[in-house]
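So the chains spell out like this:
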Amino acid sequence: MTKIIDIIVAAIIQGIPLLYGATGEIITEKSGNLNLGIPGIMYVGGISGIIGGYIYEKMTPNPVTVLLILIPLLSSLLGSLLMALLYSFLTVTLKSNQNVTGLALTTFGVGIGNFFGGSLVKMMGGTGGSIALQQTGKAFRAQLPFAKSLGSVGKLFFSYGFLAYLAIVIAVLAAFFLNKTRMGLNLKAVGENPATADAAGINVTKYKYFATCIGGMIAGLGGLYWVMDYTDGAWTNNGFGDRGWLAIAIVIFAIWKPLLAIPSATLFGGLYILSIYIPGLTSWQKELINTLPYVVTIVVLCTVSARKKKENLPPASLGLSYFREER
Amino acid sequence: MEENVAIELRGIYKRFGRIQANKDVNLKLYHGEILSLLGENGSGKTTLMNMISGIYFPDEGQIFINGEEVVIKSPKDAFDNGIGMIHQHFKLIDVFTATQNIVLGMEGKLDLKAAANNVKELCDRYGFVLDPNKKIYEMSVSEKQTVEIIKVLYKGANILILDEPTAVLTPQETEKLFAVLKKMKEDGKAIIIITHKLNEVLEVSDRVTVLRKGETVGSVNTDEATVESLTEMMVGKKIELNIERTDPVNPVERLLVENLSCTNREGLPMLKNVTFTANAGEITGIAGIAGSGQRELLESIAGLQRDNSGSITYIDPETGTKKNLKDMSPTQIRALGVRLSFVPEDRLGMGLVGNMDIIDNMMLRTYRKGKSVFLEKSGPTALATKIVEDLEVVTPNITTPVRRLSGGNVQKVLVGREIASGPTVLMVAYPVRGLDINSSYLIYNLLNKQKESGAAVIFVGEDLDVLIGLCDKIYVLCGGQITGKVDARKTSKEEIGYLMTKGAGGSK
Numbered sequence: 001m002t003k004i005i006d007i008i009v010a011a012i013i014q015g016i017p018l019l020y021g022a023t024g025e026i027i028t029e030k031s032g033n034l035n036l037g038i039p040g041i042m043y044v045g046g047i048s049g050i051i052g053g054y055i056y057e058k059m060t061p062n063p064v065t066v067l068l069i070l071i072p073l074l075s076s077l078l079g080s081l082l083m084a085l086l087y088s089f090l091t092v093t094l095k096s097n098q099n100v101t102g103l104a105l106t107t108f109g110v111g112i113g114n115f116f117g118g119s120l121v122k123m124m125g126g127t128g129g130s131i132a133l134q135q136t137g138k139a140f141r142a143q144l145p146f147a148k149s150l151g152s153v154g155k156l157f158f159s160y161g162f163l164a165y166l167a168i169v170i171a172v173l174a175a176f177f178l179n180k181t182r183m184g185l186n187l188k189a190v191g192e193n194p195a196t197a198d199a200a201g202i203n204v205t206k207y208k209y210f211a212t213c214i215g216g217m218i219a220g221l222g223g224l225y226w227v228m229d230y231t232d233g234a235w236t237n238n239g240f241g242d243r244g245w246l247a248i249a250i251v252i253f254a255i256w257k258p259l260l261a262i263p264s265a266t267l268f269g270g271l272y273i274l275s276i277y278i279p280g281l282t283s284w285q286k287e288l289i290n291t292l293p294y295v296v297t298i299v300v301l302c303t304v305s306a307r308k309k310k311e312n313l314p315p316a317s318l319g320l321s322y323f324r325e326e327r
Numbered sequence: 328m329e330e331n332v333a334i335e336l337r338g339i340y341k342r343f344g345r346i347q348a349n350k351d352v353n354l355k356l357y358h359g360e361i362l363s364l365l366g367e368n369g370s371g372k373t374t375l376m377n378m379i380s381g382i383y384f385p386d387e388g389q390i391f392i393n394g395e396e397v398v399i400k401s402p403k404d405a406f407d408n409g410i411g412m413i414h415q416h417f418k419l420i421d422v423f424t425a426t427q428n429i430v431l432g433m434e435g436k437l438d439l440k441a442a443a444n445n446v447k448e449l450c451d452r453y454g455f456v457l458d459p460n461k462k463i464y465e466m467s468v469s470e471k472q473t474v475e476i477i478k479v480l481y482k483g484a485n486i487l488i489l490d491e492p493t494a495v496l497t498p499q500e501t502e503k504l505f506a507v508l509k510k511m512k513e514d515g516k517a518i519i520i521i522t523h524k525l526n527e528v529l530e531v532s533d534r535v536t537v538l539r540k541g542e543t544v545g546s547v548n549t550d551e552a553t554v555e556s557l558t559e560m561m562v563g564k565k566i567e568l569n570i571e572r573t574d575p576v577n578p579v580e581r582l583l584v585e586n587l588s589c590t591n592r593e594g595l596p597m598l599k600n601v602t603f604t605a606n607a608g609e610i611t612g613i614a615g616i617a618g619s620g621q622r623e624l625l626e627s628i629a630g631l632q633r634d635n636s637g638s639i640t641y642i643d644p645e646t647g648t649k650k651n652l653k654d655m656s657p658t659q660i661r662a663l664g665v666r667l668s669f670v671p672e673d674r675l676g677m678g679l680v681g682n683m684d685i686i687d688n689m690m691l692r693t694y695r696k697g698k699s700v701f702l703e704k705s706g707p708t709a710l711a712t713k714i715v716e717d718l719e720v721v722t723p724n725i726t727t728p729v730r731r732l733s734g735g736n737v738q739k740v741l742v743g744r745e746i747a748s749g750p751t752v753l754m755v756a757y758p759v760r761g762l763d764i765n766s767s768y769l770i771y772n773l774l775n776k777q778k779e780s781g782a783a784v785i786f787v788g789e790d791l792d793v794l795i796g797l798c799d800k801i802y803v804l805c806g807g808q809i810t811g812k813v814d815a816r817k818t819s820k821e822e823i824g825y826l827m828t829k830g831a832g833g834s835k
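Line by line, the protein sequences are chains A and B. Sequential numbering from 1 applies to the first sequence in this note's numbering. Sequential numbering from 328 applies to the second sequence in this note's numbering.
Just so you know, not all the hints are guaranteed correct.
[Claimed, not checked] EDC-like cross-link-like pairs, simulated, lysine to aspartate or glutamate; straight-line CA separation at most 16 Å: (1) A:K180 / B:E434; (2) B:K704 / B:D687; (3) B:K524 / B:D514; (4) B:K540 / B:D351; (5) A:K257 / A:E311; (6) B:K800 / B:E580; (7) A:K309 / B:D421; (8) B:K599 / B:E585; (9) A:K310 / B:D421; (10) B:K704 / B:E719; (11) B:K524 / B:E491; (12) A:K180 / B:D438; (13) B:K510 / B:E542; (14) A:K310 / B:D490; (15) B:K400 / B:D421; (16) B:K509 / B:E360; (17) B:K350 / B:E396; (18) A:K308 / B:E465; (19) A:K308 / B:D421; (20) A:K309 / B:E822; (21) B:K461 / A:E311; (22) B:K776 / B:D574; (23) B:K355 / B:E335; (24) B:K462 / A:E311; (25) B:K350 / B:E542.
[Unchecked claim] Here are some chain A residues pointing at chain B (derived, C-beta under 7 Å): (26) T181; (27) E192; (28) A200; (29) I202; (30) K206; (31) T303; (32) A306; (33) K310; (34) E311.
What the hints contain is simulated information worked out from the structure, not anything from laboratory work. All C-beta atoms in this analysis are idealised placements derived from N, C-alpha and C, irrespective of residue type, glycine included.
Between the sequences and the hints, there should be enough to build the whole structure, so can you do that?
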C-alpha cells in the first residue's frame with residue numbers, strides 16, 4: 001500500500017513539469033502556432049529561475065522567504081517570455097517556418113541552460129557540475145504545516161510545494177478560458193481558421209503573440225518547478241532531460257484539452273519513472289519501459305485520427321503562417 | 328434621393344503586383360435596393376467588395392457611407408459602418424456551432440444561450456430555418472450560407488454584400504434566398520449581389536452595375552435590361568448565346584456501366600445499381616440534386632473510387648474490343664491505352680495543384696512519358712501557351728501559380744489540359760460553376776467540339792436549361808439511383824425536375 005502511494009506521489013511529482021509544458025503548449029497551439037521550442041523554453045525557464053535565485057540568495061546576507069520565491073519566479077517568467085517573444089516574432093511577424101523555428105529554439109534554449117548553468121557552477125567553485133541554492137529550494141518546497149500529520153492522505157494530497165498546485169490551477173483556468181470566455185472563443189477561431197477570425201474583426205497577430213507568450217511562460221514554470229522543487233534548488237546540465245518533448249506528446253494525448261492534460265501528465269510521469277519501481281530489470285527492459293509514453297501517444301494519435309471526430313483533431317491551421325493579402 | 332445613398336465609391340484603384348484589379352471604379356447603392364454587380368471572371372468584382380469589407384485596402388479613391396467619407400482599414404471598421412459581407416468561400420469555423428460563429432469577434436460577456444435566442448428571433452423575422460446549436464461541419468451548404476447571412480445581420484449590418492450566393496444552391500434554395508433578400512430590402516437594407524446567372528440578376532435586383540477589366544462600364548435599371556444587353560456591357564461586344572447542338576454522327580457504344588453500386592466511408596450507399604451507356608459522338612448528361620451520387624459515379628469510372636461492385640466496360644474505338652475498367656487505378660487505365668479525361672468539380676483539390684504554375688500543371692498529365700531523368704518542359708510550355716491564348720485565360724504569364732488565378736481562369740486551364748490529350752471519354756463535373764457567361768459558352772463549345780471529334784462526353788451539370796440545350800440524352804440521378812433516361816431534344820425542365828426528386832421519397 002505504502003509503495004503504491006509512493007509510486008502515485010512520484011508520478012504526480014514527475015507529472016507537474018509535464019503539465020506546465022502541456023498547458024503552455026495547448027494555449028500556444030490553439031492560436032495555430034506549433035511551438036516545438038517548448039523543451040528549450042522549459043530549460044530557459046529553469047535556468048532563469050536559478051540565475052535570479054542565485055543573485056538574490058548569494059548576494060544577500062539574510063534573504064527573505066517571500067523574495068526567495070518571488071525573484072526566481074519573476075526571472076523565470078521573464079526568461080521564458082523572451083524566448084516565446086523570439087518565436088512569435090520569427091513565425092508571426094516574419095512568417096518563418098514554425099517547425100524549423102521551434103526546433104532551433106529548443107537547441108538554443110538547452111544550450112543557454114547548460115551554458116549559464118556551467119558558468120554558475122564555475123563561479124561557485126563547485127565540483128561535479130551542479131549548483132545548489134538550499135534556501136531558495138527550501139522556500140519552494142515548503143509544505144502545509146499539517147501535511148505530515150495526515151499520514152497517507154497527507155502524503156498523497158498535501159506533500160507538494162506550491163508550484164504543484166499552481167500547475168493544476170493554471171490548467172483548470174486554461175480550460176475555463178478556452179471554453180467559457182469570449183477571448184477563448186476568439187483564440188480558438190484564430191487557430192482553426194485565421195482568415196475567418198480576421199474577417200470577424202479579431203486581431204490575429206495579437207492573439208498569436210499573446211497566446212504564444214503566455215503559453216511559453218506557463219511552460220517555463222515547468223522548468224522552474226523542476227530546478228527549485230524537484231531538485232531542491234540545484235542545477236545539473238541536461239538534468240531536465242527530454243521531458244519537454246513528453247509535454248508536447250501529452251498535448252496530443254489529451255487531445256488539446258487542458259483538463260485532460262492533468263491526468264495525462266500524471267500518467268506520463270508515472271510511465272516515465274516506472275522502470276525504477278519494477279525490481280530486477282535488465283537495462284534493455286528498462287529502456288523498453290521508458291518508451292511507453294511515446295508508444296501510448298502514437299496509439300492515441302492513431303485512434304483519434306481514425307475516429308475522425310472533428311473536435312478531437314488539432315486546430316485546423318496548426319503550423320501554418322497567416323498571410324492576409326494573399327489571394 | 329441623394330440623402331438615401333447607403334454607400335458610394337469614387338475613383339477606387341487597387342493593384343496586386345502587376346495585375347490592375349480595379350481602376351477608377353464608381354458605384355452607388357441606395358437603401359432599400361438590391362444592386363447586382365456584374366462582370367466577367369477576373370473583372371475585379373470580388374476585389375472591390377473585399378475593399379468595402381476591410382479585407383483589402385484601396386490604393387486610391389474614396390468611400391462614402393450615408394454621405395460621409397469613411398476609411399475602412401479592417402473588417403472591424405466595416406462592421407462599425409454597418410457593412411457585412413457574405414463571402415463566396417464561407418468564412419466559418421467548422422468545429423464551432425452556428426451561434427459561436429455568429430458571435431465571433433463581438434464584444435461583451437459571452438452568453439451563448441442568450442445569443443442563440445437572438446439568432447432564433449432573427450431567423451423567424453426573415454424566414455430562415457436554422458438550428459443555432461448545430462456544428463458547421465454537420466451542415467449543408469445552404470445552412471452554412473444561412474449562418475453567414477445571420478452573422479452579418481446579427482452584427483447589425485445595413486449594407487449586405489453577397490458574393491455569388493447562388494453558385495452552390497439548388498434552384499429551390501435559391502428561390503428561398505431571394506425571398507429572404509426581398510424581405511430585407513423592404514426592411515430598408517441595402518444589398519449588393521454578385522452573380523453570373525443573368526436570369527437571377529433580372530429576377531432579384533433593382534439596378535445593375537457592370538465592371539469590365541476592373542473598370543465600371545455603367546449602371547442600368549434592371550427593368551430596362553435584357554440578358555443580351557447585359558452580356559454586351561460585360562464583354563464589350565455582342566456575342567452569340569446559342570449552343571450549337573449538332574446531331575450525333577455514328578454513335579457507337581463507348582462506355583458501359585452496369586449495376587454499379589458503392590458506399591461511402593460511413594458505409595452509407597451512394598450509388599445503387601447504376602446502369603448507363605455513354606456513346607461516342609454524344610454528350611451524355613447527368614442531372615440530379617447535388618450529392619445524389621454524381622461524384623461517386625465519375626470517380627468510379629476514373630478509377631479513384633474502387634470500393635464498389637458492378638462492371639465498367641470500355642469499348643476500344645479502333646479494335647472494338649471490350650476492356651474492363653473496374654478495379655483499375657488511373658495509371659492502369661492509361662496503360663490500357665484508354666484516353667480518359669476527367670474534369671472534377673473540386674478544381675484545385677483534385678484537378679490542379681494550386682501552388683504550381685500553369686506549365687507544371689500541364690506536366691502532371693505527361694511527366695510519366697519522359698525517358699530521361701530530367702523533366703521535359705518544352706512540350707508542356709507550348710501547351711500552356713496555347714491554352715492561355717486559345718481559351719483567353721487571364722493571367723500575368725504562364726509561370727503564375729494557378730491559385731492566384733480567378734475561378735473561371737483556373738477552370739479554363741483545367742479543361743484545356745484535359746481536352747489537349749485528345750480523350751475518347753471526357754467526363755466533366757459542373758464545368759461552368761462560378762464562370763461568367765462568356766467563359767461558360769466557351770466551355771460548352773469546347774465540349775461540342777469534342778463530341779464532334781468522336782469523344783464520348785459525360786456532362787454532370789446543375790443548370791437544367793444548359794443540360795437540355797447541350798446534351799443528347801440525359802440520365803437523372805436521385806439518391807444514388809438512376810430514376811430516368813430522357814431524350815434531351817424532347818424533354819422539359821419539369822420532367823427532369825420531377826425525376827430528380829422522384830426517388831428521394833422512396834429510398835431510405
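Each hint, compared with the structure:
Restraint check for A:K180 and B:E434: satisfied, since their Cα atoms lie roughly 14 Å apart, inside the 16 Å limit. Only pairs whose Cα atoms come within 16 Å are accepted, and B:K704 paired with B:D687 is accepted, the gap being roughly 8 Å. In summary, the hint linking B:K524 to B:D514 is not supported, as the alpha carbons are separated by about 25 Å, beyond the 16 Å threshold. Distance restraint check for B:K540 and B:D351: the Cα-Cα separation of roughly 11 Å lies within the 16 Å cut-off, and the hinted pair is therefore satisfied.
Proposed proximity of A:K257 and A:E311 is supported: the alpha carbons are some 10 Å apart, at most 16 Å. Under the criterion of a C-alpha separation no larger than 16 Å, the hint pairing B:K800 with B:E580 is consistent with the structure, at around 13 Å. This hinted pair checks out: A:K309 and B:D421 have alpha carbons roughly 12 Å apart, not beyond 16 Å. For the given pair, B:K599 sits about 10 Å from B:E585 by alpha-carbon distance, which is consistent with the 16 Å threshold.
Between A:K310 and B:D421, the direct Cα distance comes to roughly 8 Å. Compliance with the 16 Å bound is thereby established for this hinted pair. The suggested pairing of B:K704 with B:E719 is violated, with an alpha-carbon distance near 22 Å, which exceeds 16 Å. Of the supplied pair hints, the one linking B:K524 and B:E491 holds, its CA atoms being roughly 9 Å apart against a limit of 16 Å. Our distance criterion of 16 Å between C-alpha atoms is met by A:K180 and B:D438, whose separation comes to about 9 Å.
Straight-line distance between C-alpha atoms of B:K510 and B:E542 comes to about 31 Å, which puts the hinted pair past the 16 Å bound. A C-alpha spacing of about 28 Å is found between A:K310 and B:D490, which places the hinted pair above 16 Å, so the restraint is violated. Using a Cα cut-off of 16 Å, the hinted pair B:K400 and B:D421 is violated, with the two alpha carbons roughly 27 Å apart. Using a Cα cut-off of 16 Å, the hinted pair B:K509 and B:E360 holds, with the two alpha carbons roughly 9 Å apart.
Only pairs whose Cα atoms come within 16 Å are accepted, and B:K350 paired with B:E396 is rejected, the gap being roughly 19 Å. For the suggested pair A:K308 and B:E465, the alpha carbons sit about 13 Å apart, so the restraint of at most 16 Å is met. Among the hinted pairs, A:K308 with B:D421 is consistent with the structure: their alpha-carbon atoms are about 13 Å apart, no more than 16 Å. A threshold of 16 Å between alpha carbons decides the hint, and for A:K309 with B:E822 the separation of about 41 Å lies outside it, so the pair is violated.
A threshold of 16 Å between alpha carbons decides the hint, and for B:K461 with A:E311 the separation of about 13 Å falls inside it, so the pair holds. Taken as a hint, the B:K776 and B:D574 pair is honoured in the structure, with Cα atoms around 12 Å apart against an allowance of 16 Å. Restraint check for B:K355 and B:E335: satisfied, since their Cα atoms lie roughly 4 Å apart, inside the 16 Å limit. Using a Cα cut-off of 16 Å, the hinted pair B:K462 and A:E311 holds, with the two alpha carbons roughly 10 Å apart.
Simply put, B:K350 and B:E542 have alpha-carbon atoms about 5 Å apart, close enough for the 16 Å limit, and the pair holds. For A:T181, the interface hint holds, since its Cβ comes within 7 Å of a Cβ in chain B; the closest pair sits about 6 Å apart. With 7 Å as the threshold, the beta carbon of A:E192 comes within range of chain B, its nearest partner Cβ sitting at about 5 Å, so the hint holds. Checking A:A200 against chain B by beta carbon gives a least distance of about 3 Å; that is within 7 Å, so the hint holds.
At its closest, the beta carbon of A:I202 sits 5 Å from a beta carbon of chain B; the interface hint therefore holds under the 7 Å criterion. Hint status for A:K206: violated, given a least beta-carbon distance of 12 Å to chain B, over 7 Å. For the restraint placing A:T303 at the interface with chain B, the shortest Cβ-Cβ distance is roughly 16 Å, beyond the 7 Å limit, so the hint is violated. Residue-level restraint check for A:A306 is violated (minimum Cβ-Cβ distance to chain B is 11 Å; threshold 7 Å).
With a least beta-carbon distance of about 5 Å to chain B, the hint placing A:K310 at the interface is held under the 7 Å criterion. The interface hint given for A:E311 holds, since its Cβ lies 6 Å from the closest Cβ of chain B, which is under the 7 Å cut-off.
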